[in-house]
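Asks: Residue strings, one per chain:
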Amino acid sequence: MSNYNSAKCAKSPRIERLKAELYRKMPEIEADRAVLLTESYMQTEGEPIVTRRAKAFRHIMENIPVTIRDDELVVGSATKAPRSCQVFPEFSFEWLEAEFDTVEKRSADPFYISEETKNALRTAYRYWKGKTTSELATSLMAPETKLAMEHNVFTPGNYFYNGVGHVTVQYDKVLAIGYRGIIDEVMAEKKTMNFGDADYCSKTALLDGIIMSCEAVITYAKRYAELARRQAMTEQNSTRRAELLAIASNCERVPEYGARTFWEACQSFWFIQMILQIESSGHSISPGRFDQYMYPYYKADIDRGVITRDFAQELMDCIWVKFNDLNKCRDAASAEGFAGYSLFQNLIAGGQNIHGEDATNDLSFMCIDATMHVMLPAPSFSVRVWNRTPHEFLIRSAELTRTGVGLPAYYNDEVIIPSLMSMGLTIEDARDYNIIGCVEPQKAGKTWGWHDAAFFNMLKPMELVFDDGKLDGVQVGPHTGDVSTFKTFDEFFDAYKAQMNYMISLLVNADNAIDEAHAIRCPLPYLSSMVEDCIHSGKTPEQGGAVYNFTGPQGFGIANVADALYAIRTLVFEQKKFTLAELREAMIHNFGKTSDARAQSLTEQIAIELSKNGVKVSESLISEIYNTVKNKEGDSKYAEIQKMITSVDKFGNDLDDVDALAREAAYTYTKPLLNYKNPRGGRFQAGLYPVSANVPLGAQTGATPDGRYAGTPVADGVSPSAGKDIHGPTSAANSVSRLDHGIASNGTLFNMKFHPSALAGETGLENFVALVQTYFEMKGSHMQFNVVSRETLRDAQKNPDQYRSLVVRVAGYSALFTTLSKSLQDDIINRTEQASF
Amino acid sequence: MDNRSVVGRVFDIQKFCTHDGTGIRTVVFLKGCILRCRWCCNPESQSYEIQEMRTANGKRIVGYDTTVGEVIRRVLQDMPYYRRSHGGLTLSGGEALCQTEFVSALLTVAKENGIDTAVETTACLPYYMIEPHLPMLNTILLDIKHMNSEKHEQFTTMRNELILSNARKMAAAGAHIIVRVPTIPTFNDTEEEIREIARFAKSLPGVEEIHLLPYHRLGYDKYVGLDREYLMGDLVTPPADKMERLRQVAEREGLRALIGG
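Protein chains in written order, with our numbering: chain A, 165 to 1001; chain P, 9 to 269.
Bear in mind the hints are in silico, worked out from the structure with no lab data behind them. Each hint should be verified, as a subset may be incorrect.
Restricting the straight-line Cα-Cα distance to at most 30 Å, the calculated cross-link-like pairs of lysine-lysine (BS3-like) are [as the list claims (entries may be wrong)]:
#, chain 1, residue 1, chain 2, residue 2
1, P, Lys67, A, Lys807
2, A, Lys757, P, Lys67
3, A, Lys986, P, Lys250
4, P, Lys67, A, Lys740
5, P, Lys67, A, Lys986
6, A, Lys962, P, Lys67
Computed footprint of chain A on chain P; a stretch qualifies when at least three of its residues, placed anywhere within it, have a C-beta under 8 Å from a C-beta of chain A [said to hold, decoys possible]:
#, stretch
7, 12-25
8, 54-65
Label pairs and their calculated CB-CB ranges [claimed, not checked]:
#, chain 1, residue 1, chain 2, residue 2, range
9, P, His184, A, Asp820, 28 to 38 Å
10, A, Gly925, P, Glu169, 32 to 42 Å
11, A, Glu828, P, Met87, 21 to 31 Å
12, A, Asp234, P, Glu200, 54 to 64 Å
13, P, Val244, A, Asp474, 36 to 46 Å
14, P, Ile58, A, Gln739, 23 to 33 Å
As the structure is a computational prediction, the values presented were derived from the model and not from experiment. Every residue, glycine too, gets a C-beta built ideally from N, C-alpha and C.
Using the sequences and the accompanying hints, generate a full structural model.
Replies: Structure, rendered in structure tokens:
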């Protein structure tokens, strides 16, 4: 294959107009869905849950407002206002009610909410008390699990408060046969059923629910057709009038029937993508291999000469903008973990087909160009790389990386395909993988993967070891003994593994409780119409109807655990510089440094004492106390221990010993998880990635034996700890490649920072591609890149410890950014803007 | 003596360098230089002695003695990247070729391991210190700073006759040379001066490529850290459009001309 046209298409002026409209104002919370859902639920008490879900979905589809935004070619908006969100009280609602008055002002992902909306939601919420998935999940969890969660060992927040999402459906099927075709398939399935079948009742309820959902979507699309026709009647501009009539005709046709043109295919695709996110609040609804399933429609139009490549590009660019029209309001804490209003709609291009041939086509390149044209955070754009990937495709991807937009993410077929096969996928299904959300591979249309099942903080079990299973004085984990009596490193490591194993079993308990709650309270009939083998099995994905079933919670903090274990082995057991008891004391005292939180609480205590004694405590006095407390000379004994820790080798510098320990540390999470099963009959599989949770969850973690201060971020994914990889990107990549990526079949995330000077010119792109390919030859799984901006460099000036490895690449010159003086750093920052390296 | 045991004085080994020869390279910076160029961005490289330099991160000892075996071990860590990108090892400095025995042993072992080799050199040393290395060097990144010997001496402390004669000899011997010109305002940044250098480069048999390296102030701190005076004052990097004009001047002499290497 690989016979493609890679010529770049022009960017239509329409795209900037669509973007401007989208970002005109702050996103808003709308109540329509919640109100309609509640109305329907109140009328269906006592009916089978899947029937209630289908009826509620139909009620929403028939009545939720339909909106066509100015200049759109592909229509379908979940909300009246751009970039806004509906709410989903069936999963959880109390957090939003509690945040009604702060959600507009919070720093991470604020949303406007009107008084009218608040009132409508308050009314609806009265119905939901005691009926949500999150309340049911809580009641199903073991008390030990809840205790561990209270102490932040792990957090399954995602599915605990929201829908599951994290799926790629059979877009190809809907594009080909439409929902009418699916209804026919369901009818045929019903004909095969026997009244005496054990599952006759439940299966009938689901199949009827699927039919009802498909009909509801057809109705919804026709409402858009009607709206477009109405708007066309009053439209003064003849070009726009023609566009609106074409839109009306498209919505009349799809998604009821199969698409006949590329434009119809685009419209059909968008309805699927958007409506899935009205049925449930699960994020990471990932379009997957768009370049593959859209290609037949593009090819047919090009061959018949009914479309230009420029227009095809414009349609794709319109869809790329629309991805950003969808939004979701999370609770304040989660919003920090997922900052950036991200829905993680992962779209992937390139790679191989089910026969093992390269699948790159015209659209693969046009996906890169759409991302380049639109320059917005969604979709999360990814590319697949293998040894037959066209070089030109990699260079064009590298050009996109160079813009600093943080896309695409690169994925390695050579690791992911065998990894998926080890989890039971067929070779054809494994070759056809796409990425869900951040980094999680799955076979589209066949998988209910629960890919983002929890964040597991691998540093907490380390804290538990130092206190015989206690956190903050409470016995949360098993007794593993007084750490000061440990005679060997192995004894310490075994205690860590014991704490890990126990916490992993609680993590599984938490996930399985939530999993059951979704199956009982929120089965999704519309989704079921597009996931194999729900129709035949008569079960929704939540009930185990999919072909492949997984649960993939992600561990984070590998680099910190590795550095901690290495420091302990070297300094405590080999060189005997200090004892575990002394290390414990140093950590309790945060290596002699007062943390912000501690300074805050000390300041408060002092202020209270002072005012008790009649001192008038003014603002200026408080800040004086705070500064004194914060900057008091740390106890040098503890600082000395940290200094010793800092000086030993760290993960990320191409050092066999530390890297081998990092691999072992990762195994303490990845291997035990594989032994567990979920209620859908599937297996647990580990991911090693943190989204952006490494910052907020680091804030909940005390000082750690790798010398990390309390409350500071933990390492990002499988990347080395920030600033600890001081020998450049190749050394870091060599270290990271020594982890076992294949066993972490739910994905690993390796983030690299580059100064733009490293990617300058054609040779910069070539060398960048060589770096990616080499890391992939060494069996790394994923890579993504931040090309640093002036803002990042400013941050590096303020927080040099986080950026120790940032090198400015200039011929024949040797220096790290953070070793330069302020004035020279300013110089570089200015030049970074001009890109004149 | 075994080549791997030969000791040399190095002050940095930098991985993933992308402007010092083809592909992804590891640059080994050697201590000691013959010239004292006013604009030098690595002043800590000039003296052969091990020195202490103050940096924003505290005091740093510049220079350490190490063996060929240890350097090669580090260089070989990135072998997979060299293979993918046609990269390899670049010796830089200071003037790397001053440490004759070390360089010879290092290049020999590099070649035994199939590593592509390059050197960044001033060529300001007797030809007998250059010639023996030529068979073991894939590329020579040769600095030609000025065609006027008086001005050359004024800014670098040495005249250029030896450099130019070495350049001709290396070219005649069939070495693969890329000429590099640190492009320094007030010194050699006029079209006339660049044209003369390019013309000389073109006259060398086999030379096809010239790199103009724009002046930058990134060495400034190091002068402060070494208690030395920075002689370039407030000069700033030549603007991009000016560099492009100079590049075109060089290209008109029939060379492939790049800015920044």
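Asks: For each hint, tell me whether it holds in the structure or not.
Replies: Okay, the hints, checked on the actual structure:
The straight-line distance between the Cα atoms of Lys67 of chain P and Lys807 of chain A is roughly 16 Å, inside the 30 Å bound, and the hint therefore holds. A hinted pair counts as satisfied when its Cα atoms are at most 30 Å apart, and Lys757 of chain A with Lys67 of chain P qualifies at roughly 23 Å. Between Lys986 of chain A and Lys250 of chain P the alpha-carbon distance is near 27 Å, which keeps this suggested pair within the 30 Å criterion. A C-alpha spacing of about 28 Å is found between Lys67 of chain P and Lys740 of chain A, which places the hinted pair at or below 30 Å, so the restraint holds.
Taking the CA atoms of Lys67 of chain P and Lys986 of chain A, the gap is about 17 Å. The hint holds against a cut of 30 Å. A distance of roughly 20 Å separates the Cα atoms of Lys962 of chain A and Lys67 of chain P; the hinted pair therefore holds under the 30 Å criterion. Residue count for the stretch 12-25 of chain P with a Cβ under 8 Å from a Cβ of chain A: 6. That meets the three needed, and the coverage hint holds. Coverage of the stretch 54-65 of chain P by chain A holds. Counting CB-CB distances below 8 Å, 3 residues qualify, and the rule asks for three or more.
Roughly 36 Å separates the CB atoms of His184 of chain P and Asp820 of chain A, a value that falls within the hinted 28 to 38 Å. Range check, Gly925 of chain A to Glu169 of chain P: Cβ separation about 34 Å, and the 32 to 42 Å hint holds. At roughly 26 Å, the beta carbons of Glu828 of chain A and Met87 of chain P sit within the given window of 21 to 31 Å. The hint said 54 to 64 Å for the Cβ distance between Asp234 of chain A and Glu200 of chain P, and at roughly 58 Å that hint holds.
Judged by the Cβ atoms, the range 36 to 46 Å given for Val244 of chain P and Asp474 of chain A holds: they are separated by roughly 43 Å. Taking 23 to 33 Å as the suggested C-beta distance range, the pair Ile58 of chain P and Gln739 of chain A conforms, at roughly 27 Å.
When the structure is compared with the earlier hints, no violation turns up for any of them.
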